[in-house]
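Going line by line, the protein sequences match chains A and B.
Heads up: the first sequence is residues 5 to 328, going by my numbering.
Heads up: the second sequence is residues 957 to 1455, going by my numbering.
Some hints could be false.
Derived pair list, reagent style DSS-like, types lysine-lysine, alpha-carbon separation capped at 30 Å [what the hints assert, rightly or not]: (1) A/193 with B/1048; (2) B/1025 with A/193; (3) B/1025 with B/1013.
Hints were generated in silico from the structure; no laboratory data involved.
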Amino acid sequence: MIRFLRQQAWVLGLLALLVVLFIATKIIQPNYGASDFTALMRAVLPYAFAVAAQAIVVIGGGIDLSIASMMAVTSVTAAVMMNGASEEFALVVIPFVLLLGFAMGALNGILIVVTRVPDIVVTLAMLFVYQGLALLILGSPGGAAAVWLKTMIAGTVPIPGVPDWITMWIPNALVLLVVLLAAVWIPLKRSHIGLSIYAIGSSELAAFRSGVPVARTKIIAYGIGGLFAAMGGLALTISTGIGAPIPGPYLLASVAAVVLGGVVLGGGRGGLVGPIIAVFILRLLRTDLTLLSVDPNATTIIEGTIMVVVVMLGAFLTMRGRSS
Amino acid sequence: MAKNYGAVAALKNASLSVLPGEVHALMGANGAGKSTLVKILTGAIRHDRGTILVRGKAHEVRSPGDARKAGLLPVYQEPSLIPDLDVLSNLKLTRTPIEAFRSWVKELGVPELDLRETARDIPLAIQRVLDLARALAVEPDVLLLDEMTAALPADLAERVLGVVKRQGQAGRSVIFISHRFVEIAAVCNRATVLRDGETVGVVDIEAGVEERIVELMLGAKIEKARAAQRKANEATSVPVDAGTRIEVKNLRVGTKLQDVSFELKNGEVAGVVALEGQGQDELFAALAGSTKPSGGTIEVDGKAVKFSHPVDAVRAGIAYVPGDRSEALAMKQSVRENIALPFSASVRNWGPINKKRESETVNNAIQRLQIDTRAQREVQRLSGGNQQKVTIARWIAADARTILCFDPTRGIDVGTKQEIYKLLRQLADQGKSVLYYTSELDEVQLVCDRAIVIFGGKVVDVMPADIADEPALTRAAYGLPRDATANVGVLAGAGEAQP
Chain A
5 MIRFLRQQAW VLGLLALLVV LFIATKIIQP NYGASDFTAL MRAVLPYAFA VAAQAIVVIG
65 GGIDLSIASM MAVTSVTAAV MMNGASEEFA LVVIPFVLLL GFAMGALNGI LIVVTRVPDI
125 VVTLAMLFVY QGLALLILGS PGGAAAVWLK TMIAGTVPIP GVPDWITMWI PNALVLLVVL
185 LAAVWIPLKR SHIGLSIYAI GSSELAAFRS GVPVARTKII AYGIGGLFAA MGGLALTIST
245 GIGAPIPGPY LLASVAAVVL GGVVLGGGRG GLVGPIIAVF ILRLLRTDLT LLSVDPNATT
305 IIEGTIMVVV VMLGAFLTMR GRSS
Chain B
957 MAKNYGAVAA LKNASLSVLP GEVHALMGAN GAGKSTLVKI LTGAIRHDRG TILVRGKAHE
1017 VRSPGDARKA GLLPVYQEPS LIPDLDVLSN LKLTRTPIEA FRSWVKELGV PELDLRETAR
1077 DIPLAIQRVL DLARALAVEP DVLLLDEMTA ALPADLAERV LGVVKRQGQA GRSVIFISHR
1137 FVEIAAVCNR ATVLRDGETV GVVDIEAGVE ERIVELMLGA KIEKARAAQR KANEATSVPV
1197 DAGTRIEVKN LRVGTKLQDV SFELKNGEVA GVVALEGQGQ DELFAALAGS TKPSGGTIEV
1257 DGKAVKFSHP VDAVRAGIAY VPGDRSEALA MKQSVRENIA LPFSASVRNW GPINKKRESE
1317 TVNNAIQRLQ IDTRAQREVQ RLSGGNQQKV TIARWIAADA RTILCFDPTR GIDVGTKQEI
1377 YKLLRQLADQ GKSVLYYTSE LDEVQLVCDR AIVIFGGKVV DVMPADIADE PALTRAAYGL
1437 PRDATANVGV LAGAGEAQP
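Just chain B, with the same shape it has in the complex (with noise of 0.2 Å):
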């Protein structure tokens, strides 16, 4: 398989071989392709180069629809049931039998269901397990996987992955994707593993395999991060103990951060690790004031907040930096608009904009970012790390003290990241604090001076700089012990049903 989104390969060279009656994990790190890969299988995507063998036989995947007829059943991570219809409706929609769904219901533990409620009033673990079922009733012989059990609570996804073994059992065939060590021991028999888009192997799961499949979804970066390492130690300073800036304690958000405590301290730069969709979105979102925390308190200077709007956060002076630049800026506007966006935005600056002291503060801030670039010019044109740099230059001239930066150099070039990164430890050293999530765990040395590792909604390792290099990192992501030669072994009691 291979695709290209554009000059960018997704895939260049995957391949996946599932056997009957087998329970199958993909695995990889973040952008290694698995979603791409899934994506072609289920004909929501069409691939560049390769083939998809049914039983031999070659078939042409166009459209779900084709997917299902060649007897690949996707259930994907946010729930495929039309909203507004009802679950009998949704059954309808897509042939499904509907005495054999209720009977896979019931074997998957969902008590009561009434057919006539519409979907959207559903709990969203409980939409998964229904779209699992609509999947199991038609019989298919690949039922593809994709992070299921994340966001059910326990006693669900116990039921769910009792299902998938039995699947394999019964001579159907499973293609799992999972975070979680812990599963893909308790039901699966092979894994493949990708890196950038290519297949690395293929192992079967028995004790101990795990640090083999880190070793293959890093592969040469091992060796690379030790180097990395030595020279981060020369560039990361210690903060100096002056205080807390942010406490948060028990945070609960959604359904997917579950219990987060930690503190960012005043002149520090710390580290957010985590896999995709661990509920790192949410911790940012609420220390944002976007989203709305379900439990749990969040500290500005020792003083208990409430943000009910992300201006809230704004005023207690954090500030917000997402991934995707266009969250962010008035794409159509010039540097100096959007510069001079927030801090003239606050309230009791209603009334004409005072120009003089809008130049002096945006000057000053396009200096020290070095945005190689006019400020009359539209963001637009500039290039994806420059209106990063513009991003983080706004809440300089706003004056934030804080700064969460999410994913920041996402898609950006070396060159600008190492700037980036400078003035971030500038921005320390002054003695402002900064969360630095990243999907690019070898940054964590070069910016950080703290990692905190985020496993399925929990803080589960904090890790100062020195030790954080890629491979403790990865393995700590994937909730194991973070030094290989302390690994007991999750995996030990491959085989058994222990979810």
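Bound conformation, chain A alone (with noise of 0.2 Å):
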């Protein structure tokens, strides 16, 4: 209990921290109530998704540039595949999109080991191929989506038996990430391919000399960062209705996050679950600055001074738990 205690910690705090704040939404907005939290839930849901595709990417070694990119080509694929179709085609977009965003992330994993470019540069390369490939399929924003898969993410779930006062606070949208995030991250942690991709980040050398295929896993893990960000560039088609060519600002969110949440650039240390909340308390920090009507420009620089003041603390308390 006290190993997973103090394994958990950042976790831990963040999780306090999160409760803070929305103790101070509380105090700023006193009628904050059940539907602002289900607003709230449906503009992080793109932004988790991008988190967790730069959580795995990073906790293996690398660094995604592209993941913004990628959101948007699979957000107008699906938008311009759905538009005019019938409902039930969506059952066909679905897993195509996911599998496209793969394909896309498991191909700047192939360019990183063939071509031996740094990682940052060839991800950097990519985010404008994948940035001008959105703009081919989808000029400006348009499409569609099923109407049943925009039901999905709105309201909350009713479960029996349980009074509504408690399931206003659960939306739908924070099941179906919790769910997603879930069936991919879980089975991944514990299979011998999420080891190995814990172990090429941590130490490559180390790794190669246990007989781990370096290559193969530098692409997997590249490979399912993509298919987050093809879950990201889906919610952000569903929650609006229509696909988005230009990517909004989830790649420096998707990295404040991750450093924000206990992930260690570089590689080998680190989780999904810290990475997440900590997307909520960005998101939520920015609610609470725009409920206190702060100026927008003041704004940035408060967040990225909250961060660097909590990652330092981080390291500070980590080092003198370790000395000690």
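From the two separate chains plus the hints, produce the assembled complex.
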């Protein structure tokens, strides 16, 4: 138990910070209610997938700058395919788009492994390639999304026997996020390939010597990153009802939340829960600052400052914990 | 086996044959090709020519995974546990049977191991033992141990040697790489000796065989060394006793450097001779201020000093010249800028650089060194030898009183080597002192006044240059008596487990 607490200290700390932020929100805006939370959740959804995508790549010792562009490609592809098509056709669109995301991510990985060009350069180049691709598919925001998909992330979950005042705080979007992430992450974490991703991130040489196929593992890590990015792209299309060829600020947000979430840039350490909580913190913080009607320019300064302080504080506490 | 790196042949014609149930030593001087051969056998690098046969069947070993399948399992010098994973995950990663691992850990004498501990938090020595236990747990046909006992405390080392010996008795094979004759005598049956990338002999381990092994390792160099010695005796001058510049007392650094004491006099070039990994890196790092010692004292001009940063060493007039030039030079800057850097970079000289003084000093240094090039050229375009001259020149320009040279002539042509020797001798004649680590033993008599031999983290011998020929240095570096005739034979007890 004590070991569990120590290992998860960072995540628990973030959770506490999130609770504090919720309380602060309630104080700033006494009528902040379930519907506001549902709205926040829907806004968080694409960010959360972007963060998951970045987290898995960073754990494997890499970085992917093309995540937002991959989200744009998958978003417009889904919107164009579903435009004017039947409701059932969406059942074909979703697996296709997820596969497309995996393929784009894996292509990044293959280029890095084969050309030996640094990951940051390869994925920066691919950022532009995928962005161009998204604009070729759909020149301006448009397309459509199946209605049943749109209703899926709206509203809350009715659970029989549980009173409304509880279920109204469980938005569909949150359930969807948790289910999808868990469906990929939990089997991965328990598999040999998941272990291998942590291994190559921690020490590529030691992993190679332990018989880990380094190149293949790296490609798969990027591929799974692409898969999460595709989920993010789908979430974008579904929540807005149209495809967006120009990606939002998901790239920098993903790196920020990954770092704040306790994943070490350089690889090998961290998980998925921390970054996801971190993305909630960053979004809620922005909401609070907006509610306080802080100048939007000052908002970014405050966000950046809080990130640096939290990460530094965390590093300081970890070091003290190690030496004692 | 043959392996080339570009034009350099790391292995030319190496053969190794290990019998079932045999503990086989692989020996050779630095650069003989031992580590290349091990890397090939374990799939870390690909060979150019040659075959690997396991039980008479040819095997393609393209990756560490292939080597595992062929039954070849290495334990490297640096632990290969994944630092951020716990022990259990590390075992799962290599699909190691956990129960077998546990029993080996117990057998190797590690008390209370928590499988949930993160590898990074485990002491290095224990990590190495866990590495060994992990390899033993899959019952490999051939176990490759590269300097397994280095950096292990004595009790653990003893356990390890016991286990290695029993592996042989149980009919499994071990390839055992070690610089310590005592260990080889205790556990090995035969030894293969490499020299310059070729197998030069296979000997049975028996009393008195260490002389034969040293001879094989050196080859024709024994005669050459004698000739060089006669020449060197004329070149080296005995330094005038001008007081002690640096005195090192009972210095300990990390796990490698155990207890080293010596003094460096003004006007002296003292050679440091050691096999790889005997603590010389740590010694130089401590003197250059980049590592903090864990015990002992360093005195400069009779005053105890504590360096917490290389700047402190530079202020005390101690300059470090690394073997790897790229560590010391700004490769894309000009020769002039590189030479000017240390003396204009001191804290007091913030602000504009005094161009006149700079060019005087730099020109002076360049002239003295005969760097045959214009000073405006980028350093990376110079030959290795000229680059090394620039590294030394900058410290002359900065007026350092002591120069620490760590294998400075590695990969440099003969002519330039001679110039560097001459330069260092000139510096000594001016009263400066030089500490000179070299992996090429014949250099000792060409530049040094004395040789300090380090083995197992301790000074085992100090000899004046006139007797420090290659055979004597080699024997001393392996922890043997320096004189062949005085050798009472550490292998007398061969066959008995006496680590």
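How the hints compare with the structure:
For the given pair, residue 193 of chain A sits about 12 Å from residue 1048 of chain B by alpha-carbon distance, which is consistent with the 30 Å threshold. As the CA atoms of residue 1025 of chain B and residue 193 of chain A are separated by approximately 26 Å, the hinted pair is consistent with the 30 Å bound. Among the hinted pairs, residue 1025 of chain B with residue 1013 of chain B is consistent with the structure: their alpha-carbon atoms are about 13 Å apart, no more than 30 Å.
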